[in-house]
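Undergrad: Residues per chain, in single letters:
There are 2 protein chains.
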Amino acid sequence: MAKKRMTGAAVLTFEHISAVVRAVGLDGFMDDIISGLRCAGTNLDTQATVVLERSGFQYSKPDVGLIEWMPSMELGRAVGIKTVGYHPSNPTQRRLPSVLSTTSIHDTATGQLTALVDSTLLTALRTGAASAVVTHILALPTAAVVGIVGAGAQAVTQIHAISRVRQIKRIIAFDTDPAVSATLAARLPLAVPVTVVETAAEAIAQADIVCSATTVDIGAGPVLPDHGYLPHVHINAVGSDFPGKMEVPVALLRAALVVPDDPPQCLREGESQQLELSELGPSLPDLISNAAQYERYQQEITVFDSTGWSLEDLIVAEIALDHARRLGIGMYTDLQSTPADPYSPYEDVLR
Amino acid sequence: MAKKRMTGAAVLTFEHISAVVRAVGLDGFMDDIISGLRCAGTNLDTQATVVLERSGFQYSKPDVGLIEWMPSMELGRAVGIKTVGYHPSNPTQRRLPSVLSTTSIHDTATGQLTALVDSTLLTALRTGAASAVVTHILALPTAAVVGIVGAGAQAVTQIHAISRVRQIKRIIAFDTDPAVSATLAARLPLAVPVTVVETAAEAIAQADIVCSATTVDIGAGPVLPDHGYLPHVHINAVGSDFPGKMEVPVALLRAALVVPDDPPQCLREGESQQLELSELGPSLPDLISNAAQYERYQQEITVFDSTGWSLEDLIVAEIALDHARRLGIGMYTDLQSTPADPYSPYEDVLR
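Quick mapping for you: the protein sequence lines, in order, are chains R and E.
Residue 119 in this note's numbering sits at position 119 of the first sequence; the count goes up by one each step and never skips.
Residue 1103 in this note's numbering sits at position 103 of the second sequence; the count goes up by one each step and never skips.
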């Protein structure tokens, strides 16, 4: 058998990503991302790592949706740009995920595209991993009951990621669509009892950890109740990612330590858009760098305002690429021109 | 032979682009782009077509360079995002083009990536085509002598494109590197006498049309002389694309009708950064829409401030994709997930 070509730009499709995750194992792959985020947060050099706020197009034709780009750079090494589409009618109208994305990686020495990575699953995984990193620091070590508000795709990766840092004994799940919450247990990669409830209030009442991951409409939130929580609850608020889209009531945020993953972005489109800058707690990298100092908040109400930090996308794409190259998975191609004469653009066409 | 797969996301590498251009013919492909730009300019609906200014990372480590993204949207249809690297030391240090780029195209109905297109050659072609569209309107119909300042890769596509709208009889070329100007004639896809000269002043003195396409350093410009032009000269200024990078002296700009391709972007990083908004002439789409009205400027000095308009990249990528699909060229793959259950991110991994 000819040796598989492994040079040039890497293209990792969804099938390749699935093959990598299968080969590494779902738990091992999630642990790699959790480690990668911890490492990036601990060693963050804000001179060398530049994370830009996302920007994009928002529209309501043909349906409500947006296409955004999330750029980050590790100076002297690589630029990662994730382009992400959010089309909330995808699951019901097209059997497609509401969030679809790809990440391109560019070499800062040459400008060459070095990789294109399907990032739909990777985005869900890294969003879970970020919640796990924060949950590990801010939830009680004995936290065992997870309350779910919004039981779609992200609930699966949130629960899986949290299961890597806390021993989950029970899940209490609510979704506005009972057909969705009914299938949650079957979609999980771990065996844990799931109780389906009919209100968000029931889902959070006994929860040590709450994950909210809804597609609530702009202006229709919040989706979580004002009160009725355990005094030590840690909340991962994952769904807010758009101006006007909110899941957590402002009174609850004001009573909590709020950890924004990316403060300017969270103030614009996260739960933190309900707060002033002075009301925010540490950013995600600050929390990671000073984890011991923040563990005292395990006894108190804490909220992770997770809007998606661009650097997470570069990290998870590079983890997938490293495994893919090691395992011989992926398409490798000369995507861009390496002409015989860089001054002669037609030479390769005409020869 | 199995029928080649033509569904899913299209990946067009440099080899595919070369094959398309060979099949269509260099002249025919250039004519398609010229027509495409004219059509887009004439029919531009500024409600439905949204062209954003580019944004990006600029750095000086490991070498001076930048990686930028240029997004545009045709509402209800597609978003195009070109990512472009500009690394001026590429040709001399790495035998790579200084400008390398790819364009991704996204469906605004679903957010799916529908195509990834190597755009290095396409960018040079569309930059040439834009100059041809403007030259056709603003240069004398009898214009026959082209002065070249900067005889690298872009000079080739500028001359080729202009040859599709004017009968070029002679080229007078200057480059700071005589080894580059010496090979210009051999790199052209048309037979026309090239006179190599030793100064920019000699290159422009008899020129009906001037093309400047240099990699002049930031702060080191201008590269064109203040005076010594024919009174009807039309100048395509292609090289300026960075704050502080300029090719045309401000006195010459002030004496000319200046056509910025994208006014806000030109004011920031084009020749127009030396001017006030009130000193600018029509934008590229305004010029195209009102071509007859501007033909009276053929007798006067005119400057096209070409910084690269994002919509050009979407147009040229779609022309290439249409030909590729028709010709059966390209890789077609399910790049992104189309899961059996959009709420079950692990299903395809675990099955």
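Treat the hints with caution; some may be incorrect.
To be verified - Covered by chain E, according to a simulated footprint, are these stretches of chain R (three or more residues, beta-carbon under 8 Å):
#, segment
1, 68-78
2, 89-96
3, 161-168
4, 227-235
5, 319-330
What the hints assert, rightly or not - Here's a subset of chain R near chain E, in silico, CB distances under 10 Å, partners left out:
#, residue
6, Ala109
7, Arg187
8, Ala191
9, Asp286
10, Ser289
11, Tyr343
12, Ser344
Think of the hints as simulated: they come from the structure by calculation, not from any bench.
Being a predicted model, the structure only gives us computed values, none of them experimental.
Note that beta-carbon positions come from the ideal geometry of N, C-alpha and C, so glycine has one too.
Undergrad: A separate judgement is required for each hint: does it hold in the structure or not?
TA: Each hint, compared with the structure:
With a cut-off of 8 Å between beta carbons, the segment 68-78 of chain R has 5 residues touching chain E; three or more are needed, and the interface restraint holds. As drawn, the segment 89-96 of chain R meets chain E at 5 residues by the rule of a beta-carbon pair under 8 Å; at three or more, the given contact holds. Residues of the segment 161-168 of chain R lying with their CB closer than 8 Å to a CB of chain E number 0, which falls below the three-residue condition for coverage. Coverage of the segment 227-235 of chain R by chain E is violated. Counting CB-CB distances below 8 Å, 0 residues qualify, and the rule asks for three or more.
Closer than 8 Å: that is the beta-carbon criterion, and the segment 319-330 of chain R has 0 residues meeting it against chain E, so the requirement of 3 is violated. Given the 10 Å rule on beta carbons, the hint for alanine 109 of chain R holds: about 5 Å separates it from the nearest Cβ of chain E. Satisfaction of the interface hint for arginine 187 of chain R is found here, the shortest Cβ-Cβ separation to chain E being roughly 4 Å, below the 10 Å cut-off. With a least beta-carbon distance of about 13 Å to chain E, the hint placing alanine 191 of chain R at the interface is violated under the 10 Å criterion.
Among the interface hints, the one on aspartate 286 of chain R is violated; its C-beta lies about 23 Å from the nearest C-beta in chain E, farther than the 10 Å criterion. Checking serine 289 of chain R against chain E: minimum C-beta separation of about 24 Å lies over 10 Å; hint violated. For the restraint placing tyrosine 343 of chain R at the interface with chain E, the shortest Cβ-Cβ distance is roughly 5 Å, inside the 10 Å limit, so the hint holds. A least Cβ separation of about 4 Å between serine 344 of chain R and chain E falls short of the 10 Å threshold, and the interface hint therefore holds.
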